[in-house]
Every structure is written in C-alpha cells, then in structure tokens.
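*Asks:* Sequence:
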Amino acid sequence: AVANISNITDELQKMSVATPNGNLSLEEENRQLKDARLCKVCLDEEVGVVFLPCGHLATCNQCAPSVANCPMCRADIKGFVRTFLS
Numbered sequence: 001a002v003a004n005i006s007n008i009t010d011e012l013q014k015m016s017v018a019t020p021n022g023n024l025s026l027e028e029e030n031r032q033l034k035d036a037r038l039c040k041v042c043l044d045e046e047v048g049v050v051f052l053p054c055g056h057l058a059t060c061n062q063c064a065p066s067v068a069n070c071p072m073c074r075a076d077i078k079g080f081v082r083t084f085l086s
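Numbering (UniProt numbering), first residue to last: 1 to 86.
Each hint should be verified, as a subset may be incorrect.
Pairwise CB distance ranges, derived in the manner of DEER restraints [unchecked claim]:
| hint | residue 1 | residue 2 | range |
| --- | --- | --- | --- |
| 1 | E11 | A68 | 16 to 24 Å |
| 2 | N4 | M72 | 41 to 49 Å |
| 3 | C73 | L26 | 25 to 33 Å |
What the hints contain is simulated information worked out from the structure, not anything from laboratory work.
Each residue gets a CB set at the ideal place from its N, CA and C atoms; glycine is no exception.
Take the sequences, apply the hints, and build the full model.
*Replies:* What follows is the structure, given as structure tokens:
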C-alpha cells in the first residue's frame with residue numbers, strides 16, 4: 001500500500017500542463033504565476049500599479065512613485081493608476 005502511494009505521488013509530480021511556454025509541472029506553473037504578481041522592483045509586495053502610457057502592471061504601491069521608467073519596457077512613465085486584484 002505504501003509503495004502504491006509512493007508511485008501515485010511520483011506520477012502526480014510528473015504530471016504536466018500545456019501552457020504557452022510548453023509543458024510545465026503544475027508546481028512550476030504555480031511558481032511562475034506567483035512570480036508574475038510580485039513587484040519587479042522590491043520583489044516582496046504584490047503588484048498594484050499600472051503605468052501610463054505603456055499599461056504594464058509591474059510594481060507595488062510603495063515602489064511606483066520612485067520609478068521614472070517602466071521596469072518592463074523602459075518607457076517614460078507619464079502617470080500611474082492604482083489597481084486592485086481580486
């Protein structure tokens with residue numbers, strides 16, 4: 001019974017999901033999704049600001065005021081809008 005559980009666990013870990021980036025394990029896809037929601041400046045807080053005019057959602061509310069160029073595309077930031085992810 002223990003061997004069967006171990007085999008099932010191994011099979012579940014090997015399962016992959018088709019994504020635009022190819023086949024990723026569910027754990028890897030989950031990690032990438034979490035990383036995408038992190039501030040690109042401090043890497044601690046969740047993103048919460050959209051930069052104008054480029055539209056990138058890249059920084060948290062605390063880091064946004066200190067950024068002059070978008071960390072994603074390097075466009076000059078003319079303004080920003082606070083967002084709320086639900």
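*Asks:* Each hint needs a verdict: does it hold in this structure or not?
*Replies:* Here is what the structure says about each hint:
no. : hint                   : result
1   : E11 to A68: 16 to 24 Å : violated, 50 Å
2   : N4 to M72: 41 to 49 Å  : holds, 47 Å
3   : C73 to L26: 25 to 33 Å : holds, 30 Å
Of the numbered hints given earlier, the model fails hint 1 alone.
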